[in-house]
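K.L.:
Chains as they are written, first to last, in my numbering: chain L, 290 to 740; chain P, 8 to 291.
Simulated from the structure, these hints should not be mistaken for lab results.
It is possible that part of the hints are untrue.
Each computed DSS-like pair below joins lysine-lysine, with the alpha-carbon atoms no more than 30 Å apart [to be verified]: (1) L:Lys482 to L:Lys643; (2) L:Lys578 to L:Lys633; (3) L:Lys563 to L:Lys462; (4) L:Lys581 to P:Lys114; (5) L:Lys440 to L:Lys462; (6) L:Lys578 to P:Lys65; (7) L:Lys679 to L:Lys440; (8) L:Lys563 to L:Lys479; (9) L:Lys583 to P:Lys200; (10) P:Lys16 to P:Lys114; (11) L:Lys563 to P:Lys65; (12) L:Lys466 to L:Lys480.
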Amino acid sequence: MMHRNSLTTSLRRRFTRRQFLQAAGGGAAGLAGILTAGRPPAYAQTRELTFLTATAFVPEADLEVKRQLEEWGAQNRVRVRFDIIAHLQLAAKKAAEVQARSGHDITCLGPGLGDGELYFDYLVDLDDIAPSIGANNGGWLNESDYIFRGKWKLLPWWFGAYPMAYRTDILEKLGEKVPDTWEDWLQVSKKAKAMGHPIGIPIAHCGDANISLFSMLWCYGASYVAKDGKTIAINSPQTREVLEFVGRLYREAMEPEVLAWDDASNNRGLNAGKLFAIHNPISAYESAKASKIKIPGSEREIHEVIDHVNSPRGPADRKTTSFYYCVGIWNFSKQVDLAKEFLKYHFSPEQQHKFIAAGRGFTMSHLVNLNRHPVYGINPKHRHLPEVAKATVAPAWPGTQTAASQLTWDLFVIPDMFSHFVTGSMTAPQAIEWAERELKEIYAGRRVKKS
Amino acid sequence: MSNRRPWTKRIRPLFTLYMPIGPFVFFALFPLYFMFLATFKQDAELYNLDAIPFLITKRPTWAHYQFLSEQTLFWSWFRNSLVVSAAATVVSVVIGILAAYPLARLKFRGAEAFGIAIFITYLVPPSLLFLPLTTVVNRLGLSDSLWSLVATYPTFLVPFCTWLLMGYFRAVPKEIEECAMIDGCNRLQALVKILLPVAIPGIICAGLFAFTLSWNEFLYSLVFVSPSESKTITVGVFSDLIRGDVYYWGSLLAGASIGSLPIVIAYVFFLDFYVSGLTAGAIK
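All chains should be modelled from the sequences, with the hints used to inform the complete structure.
P.N.:
Here is the structure:
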């Protein structure tokens with residue numbers, strides 16, 4: 290009893306309820322102070338420049354940007370940090386940083402130009418650096434695409450050209466020439482499918498589907514939005530013609546799995562020896578080469594029989610698009626001037642030359658001079674890439690890039706229109722009307738603000 | 008005649024137990040087997056449509072594990088996941104115990120409503136919470152550090168731990184605590200010296216579950232932590248081994264195989280406690 294009482298007493302002496310409440314109250318007050326102040330404690334504020342980007346297909350391209358950032362940082366005595374995340378997660382990261390008004394200084398934007406409108410109020414004006422960068426590099430490819438409400442809010446950084454990648458050995462067995470039009474590709478692919486090698490154009494929720502199907506719309510003289518960037522133009526005879534064409538392509542030259550593809554599926558299909566052709570950057574070819582994948586039933590490596598030609602043309606035109614990665618500076622960055630200095634450094638001719646070289650032909654620039662880079666002449670299989678770049682337009686073509694056009698891309702409205710038709714769940718007029726309703730809702734909800 | 012009965016007794020479990028369970032075991036273990044096997048296949052075999060998917064038909068390779076170890080910061084990510092999961096588990100279980108005890112034992116106004124409110128917070132999806140939590144994390148100066156995860160993971164771990172431990176504590180007879188208090192223990196002593204030793208299975212169960220949820224968590228780790236060396240295994244493997252439209256399948260699966268080991272080991276050793284903890288509240 291005596292022992293228990295002294296134990297209880299000693300416990301009471303060590304820590305009373307009042308002392309506990311006082312400590313907890315003090316801690317809570319300190320925490321409230323930090324939260325109310327709205328910024329981290331002073332020791333955390335340092336002179337540092339941070340850059341967030343999405344992983345590039347070619348690791349060396351990321352390493353080159355990191356090298357340039359570190360080199361510039363060493364020259365200017367600035368601590369730098371280069372962070373990469375998967376491209377599919379970039380949207381969540383951007384949203385979080387804008388919500389918190391805190392995060393990286395320089396951020397990768399895209400894929401697509403719509404971020405210039407979507408994040409217009411959160412990006413720093415780059416009017417003081419963009420024109421001179423263009424002038425130093427022979428000009429920008431399509432300057433009007435990159436300007437929002439009369440301002441430069443982002444710098445277009447790189448895109449991947451979308452040629453047709455095809456099996457030369459299968460084409461040889463068929464005794465056919467290399468097709469040039471979408472209709473020619475359909476006719477040749479019908480024969481290839483009979484041999485067990487269908488063509489692979491995704492009609493699914495993936496970036497490749499947007500790109501290929503947008504390309505087909507434009508090649509047949511259709512578009513989903515007019516040049517004014519506001520009028521929905523999807524309901525046209527040309528769209529009906531494209532729908533019928535894609536219906537034939539799906540039934541006669543493809544397999545139903547294309548309805549469930551992601552961006553990696555066509556790469557896998559080509560590299561596994563199943564597909565005859567895909568509409569894709571050179572990533573499939575390069576990864577087959579790196580992994581030494583063989584032609585099924587043979588010891589020959591499959592990359593030896595993969596080649597690339599220009600993106601197909603249609604009755605009206607030859608147009609395609611791509612994922613456009615851009616860079617911008619958040620206006621809540623505390624290092625806006627430093628960020629601009631680095632972007633001027635990175636977009637200088639010498640550094641851009643090294644960046645494009647590191648991409649090994651995968652990364653195409655929006656700067657005129659860089660599209661004549663010798664890297665595209667090193668591998669004969671990359672010889673058509675500059676032509677593809679010339680046929681590449683921004684995703685909202687012929688309209689302007691807006692938040693609504695970005696939403697059209699992100700919600701896969703056009704691939705859904707095609708999938709409704711090819712699966713038979715809607716007739717062509719129904720599918721087009723459905724798409725028109727969807728687009729009108731999107732564009733009504735996202736009107737372009739007058740500057 | 009006397010030998011036939013033991014023989015039928017021996018063979019009966021084959022038909023009444025093993026054969027019915029067999030398909031479920033196969034269904035559960037086959038993905039692990041396939042994943043593990045694929046990590047030793049060369050890329051050429053992974054893409055070969057004529058290869059037998061359930062066997063390695065060409066020379067096995069360590070290349071995917073080598074790439075994972077040498078070309079990525081995989082072991083840093085592994086260590087980060089271990090540290091964050093362990094720390095978040097300890098914090099959550101301690102807070103869960105301190106919350107569950109009064110809710111299970113003490114009668115005060117609003118106890119039931121408070122218990123329901125704690126559980127409801129568990130139902131709020133992280134995809135809604137990550138945006139406001141980003142603001143909190145940045146204002147605390149924790150962004151881009153592992154402490155941001157240790158601070159935010161309890162938001163979804165504590166409700167579940169509390170709910171689980173409440174059920175477990177209610178299943179422990181309160182008379183043993185009352186006896187201790189009659190003998191001179193206060194509430195805290197009764198909790199620490201009497202209830203917690205009896206509730207070890209429930210605590211282990213809560214800890215296992217908290218560790219598993221922390222280990223597998225992706226969204227907060229993606230949003231709150233950016234530097235490559237500070238990423239957790241879920242984000243790091245995804246970021247570095249999926250580049251555009253190219254998936255490094257062998258290394259991805261190698262990362263997943265190694266990443267699943269701590270959970271597998273933990274459950275192998277503590278499975279009995281886990282089942283006991285989950286079912287304790289169901290039996291009166």
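K.L.:
Hint by hint, say whether it matches the structure.
P.N.:
Status of each hint after checking the structure:
Straight-line distance between C-alpha atoms of Lys482 of chain L and Lys643 of chain L comes to about 42 Å, which puts the hinted pair past the 30 Å bound. In summary, the hint linking Lys578 of chain L to Lys633 of chain L is not supported, as the alpha carbons are separated by about 35 Å, beyond the 30 Å threshold. Among the hinted pairs, Lys563 of chain L with Lys462 of chain L is consistent with the structure: their alpha-carbon atoms are about 15 Å apart, no more than 30 Å. Between Lys581 of chain L and Lys114 of chain P the CA atoms are separated by roughly 70 Å; this puts the pair beyond 30 Å, and the hint is violated.
The suggested pairing of Lys440 of chain L with Lys462 of chain L is violated, with an alpha-carbon distance near 54 Å, which exceeds 30 Å. With a C-alpha separation of about 19 Å, the suggested pairing of Lys578 of chain L with Lys65 of chain P holds against the 30 Å cut-off. Between Lys679 of chain L and Lys440 of chain L, the direct Cα distance comes to roughly 25 Å. Compliance with the 30 Å bound is thereby established for this hinted pair. Taken as a hint, the Lys563 of chain L and Lys479 of chain L pair is honoured in the structure, with Cα atoms around 14 Å apart against an allowance of 30 Å.
With a C-alpha separation of about 66 Å, the suggested pairing of Lys583 of chain L with Lys200 of chain P is violated against the 30 Å cut-off. About 53 Å separates the Cα atoms of Lys16 of chain P and Lys114 of chain P, which puts this hinted pair outside 30 Å; it is violated. Between the alpha carbons of Lys563 of chain L and Lys65 of chain P the distance comes to roughly 21 Å, so the proposed pair stays at or under 30 Å and holds. Distance restraint check for Lys466 of chain L and Lys480 of chain L: the Cα-Cα separation of roughly 13 Å lies within the 30 Å cut-off, and the hinted pair is therefore satisfied.
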